[in-house]
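Using the sequences and the hints given, assemble the complete structure.
Chains as they are written, first to last, in the numbering used here: chain A, 1 to 523; chain B, 1 to 176; chain C, 1 to 115; chain D, 1 to 112.
It is possible that some hints are incorrect.
[Stated by the list, open to error] Cross-link-like lysine to any residue pairs, in silico, SDA-like; alpha carbons within 25 angstroms at most:
1) D/K77 with A/Y165
2) B/K67 with A/Y165
3) C/K100 with A/M47
4) C/K114 with A/S383
5) A/K59 with A/G512
[To be verified] Label pairs and their computed distance ranges (CB to CB):
6) B/C82 with D/Y79: 17 to 25 angstroms
7) B/F19 with A/S120: 49 to 57 angstroms
8) D/L6 with B/L90: 43 to 51 angstroms
9) C/L23 with B/L119: 31 to 39 angstroms
10) C/I8 with D/H74: 48 to 56 angstroms
11) C/L78 with D/G71: 21 to 29 angstroms
Simulated from the structure, these hints should not be mistaken for lab results. All figures in this text were calculated on a predicted structure; none of them were measured in a lab. Quick reminder that beta carbons are idealized off the backbone N, C-alpha and C, glycines included.
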Amino acid sequence: MSLILDNLPALLIAVPLLGAFLIPIIGRFLPKIRDAWIILVSFLSSMAAVLTAFTVYTKGTLVYVFGAAAGSGAAPIDSGGIPFRIIFTIDGFGAFMLLSAAIVSFAVVLYLVASQKERSGKSEFYALYLLLTAGIFGMVSTGDLFNFFVFLEINTLSGAALVSYHRKGGIAVEGALKYLIVNTVGGLMVLFSVGLLYAQYNSLNMAYIASQMTLTTLNIVALVLFITALAMKAGAVPFHFATPDAYSVAPSGITALMVVASQAGLYGLFRILFTVYGGVINTVTVGWVIIVIGILSMVIGVTMALPQKDIKRLLAYHAVSQTGYMLLGVGVAFAVLGDPAATAAFGQTAMEGGLFHIINHALYKGLLFLAVGAVIYRTGVWSLNKLGGLGHNMKWTMVFFLIGALAIAGIPPFNGFASKLMIYESVFAFNPALSIIAMVVSILTLASFMKVFHSVFMGPKLPEFENVKEVPKLMIAGMVILTIFVIGFGLMPDLVVDSIVTPAANALLNQGSYITAVLGGFL
Amino acid sequence: MTSGLIVRTAGRLIVPLIFIFGFYLVAHGHLTPGGGFQGGAVIATGVALILICYYYKDSIEKFSPAKNFKLIEASGLLLYICTALSALVLGSSFLFNWLNASGGLFGHAVTYGINAGDLFTAGVIPVLNFAIGIEVFGALSVVLLYMFAGLRETTRAEDDAPAPVLLKKGKKGDRK
Amino acid sequence: MIANLPFIAIALLIGIAFAIILLKKNMIKMVMGLGILESAVNLFLITIGYREDGIAPIFTNAPEGVNMVLPTVQALTLTNIVIGVAGTALMISMIMVIYKKYGTINSDKMRRLKE
Amino acid sequence: MIGDLLTGYGFWNPLIWIVVMATGLLFAWLIWRCGESDYDKGTEQTKPYLSGNDEPPKGDVHIRGGNMYWGFTHALKGYYDKLIPLHSGVVNDYLTWFIIGVIVIFVVVMVI
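If you want it as structure tokens, here you go:
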């Protein structure tokens, strides 16, 4: 047991990778147990993530040094206090992202096992799925900039390969190719900025770079490239164009996980801003840049979603729009980072609202994509102009979709309302206009989900969908898991905020604790 | 795709040498420039040469179908991750070099200063190099096989047919 | 000046790469542009690790008292090459599928997903 | 109190909200129950009255998704006419926006 507990950060990566590499062999010789193996591996890796998060919340920041002999520290004395090995540093924020990835990835596996039953190429599909999970886990737990790039690329490549599955006529490949090209350029720009930082500080460790950081032109170039590339990964306007293309053609379960994958990019953005650059950069300017990107994402995302006719494309534009809320909340917190009074008054709340929205968005957008995927699974129709009257035959799917739609529109008592309320009220103290824009966007979100709900589930039974049945039980099970969290987080927002969101916000706001956790007494 | 008699004969000669050179690069990865990825890529170029010389269809019939290469790839990856995990069992951290200077396989002590290098040093690094070599060889071969599967090939009979006499008639750039 | 030559080359390569990526409509050429961009980043990484009169960074094999080039950036470059191979292979395969289905590799015509 | 989420201005408590909503629904139900019951199934009063015309088949009266909010999009026609062509579907354009974003953000961060 202590073997597992001592090496949790390594198992986070090792378990999904080991599972993924065994799948081709199992699929070749024992195809009957493949599905059970997938569920088992996904469950184990989710458990590893939850255990890691639990350890972080109870015992503080975890620092794990890869390849070191037992008992040696992160910054060995003979290297002069520079950490040179690959180091995983999981603090409150990383643990928070791990939790959201763990919940969604396990729920999606249950869904996929049922929805992919009759598809071909399953071994590679699930191997890529577990690789994507490993990529997300790695991105949110690494403390090393180059390692972050590697996991970012694993994330991009496996994500693009998964997007290209199943849709006929090459359209899925088109979406995947756009996503891949755009994110490859972004990844190379991230690597370029990593090189810029390495050239100055001779280290790749985030904590060490943060402790040595000064404001030079090269560092600003690196920061700008980090912001744009990671905003592109997260799908924020004006770098969002490939996101709806990829999300709208991917298999539905994959899209639910891709939302989490894009949020890992958001994690990188916030980590770079707060932890690496937090002490030196002019936070007001950069904070306003983040806020403007957030506002643009919200407004353009939701206005593009309203006239969409493809049901998944509509949801994909809402993913862009909701990313704006997170950027808005965290951007406000970054803009007032240098002002302790303002941070205490509303910056902390804005931060918590933005971060709380990350996990909420992962849950309800996952639920919505799974519910819409269930509709597509049974009908094979994407166009909102052709769907209708499915509420008669797919009652459970309708209920789950309704819960997800109310949550994303910010209707109490679901979880979206709690985080949006925190964002509105704290941003109102910063700048009332921003808060009003956020509320208008929320109203438009509700409007567009009324459109979807009405045109898919309401209305009389249509003759062409006479024989549509409810989806298999495993798909329902995947949706149930997410629904439980959506309702639970909505009914107990104080508990969630106090136990997991506040530690995450504190981990970001308190730059010194991250550095001390890695470098120890060498600072 | 056309590949004539010369390519086929030369390929027959060169392919074994390419494989040996790739194996050398993998095995000496911890001493000289090279390593798992480079060696594996070199071996995969041998596979590419086989495909060019002997046609895709003949190759997968007589050589090996793509699904076997998938197994090779998966086994290389498994060897890597099991080596990395084995350090956990011994009480160290992930990827710890527990074989180094232990006296066992690849466990000779390293001599410092200018020397020719000893193959049996560096602990788990050569093991990982072999794992990566196997993986890259399998993966690139799968990529090549699948890409060749999408090409339109000529048959051997077409390639061996005497070259058509070039009639200067109606060709582009021809005088009329 | 002569020490800055690699950086000038990197700037030129990045400029060429972005010019190709932004202006060329042929998808294969775009992938080539991405390859050039990747090479530019690799060259940059190698260049920042260069030390005057440095030798290969094999610690146990080195004579006393000589400079060695930085090994970390070389490891980064190798990793990036590997990732680049995977990405390029994936992109080329996708373009093959696009060509099969759409009959074109022109990015202007590859827009069934829009608006 | 359990369930209080402090937002800086006040608090949000979903449990109180649910109790209030449940009470409201209960009152609504009670008022509804007090109403006169003269609804008979199977008579003429269950049929919709469409100016004396016959009711069209059920499938035809369903408002399809594409028809909703046409007023909204029509009112914002100028905005949508500019916005939608930006999502051109051409990869080169996507990357051009990336470069524009890099340059704009760099200028903003450097100058201010």
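Of the numbered hints stated earlier in the document, which are not met by this structure?
1, 3, 6, 7, 9 and 11
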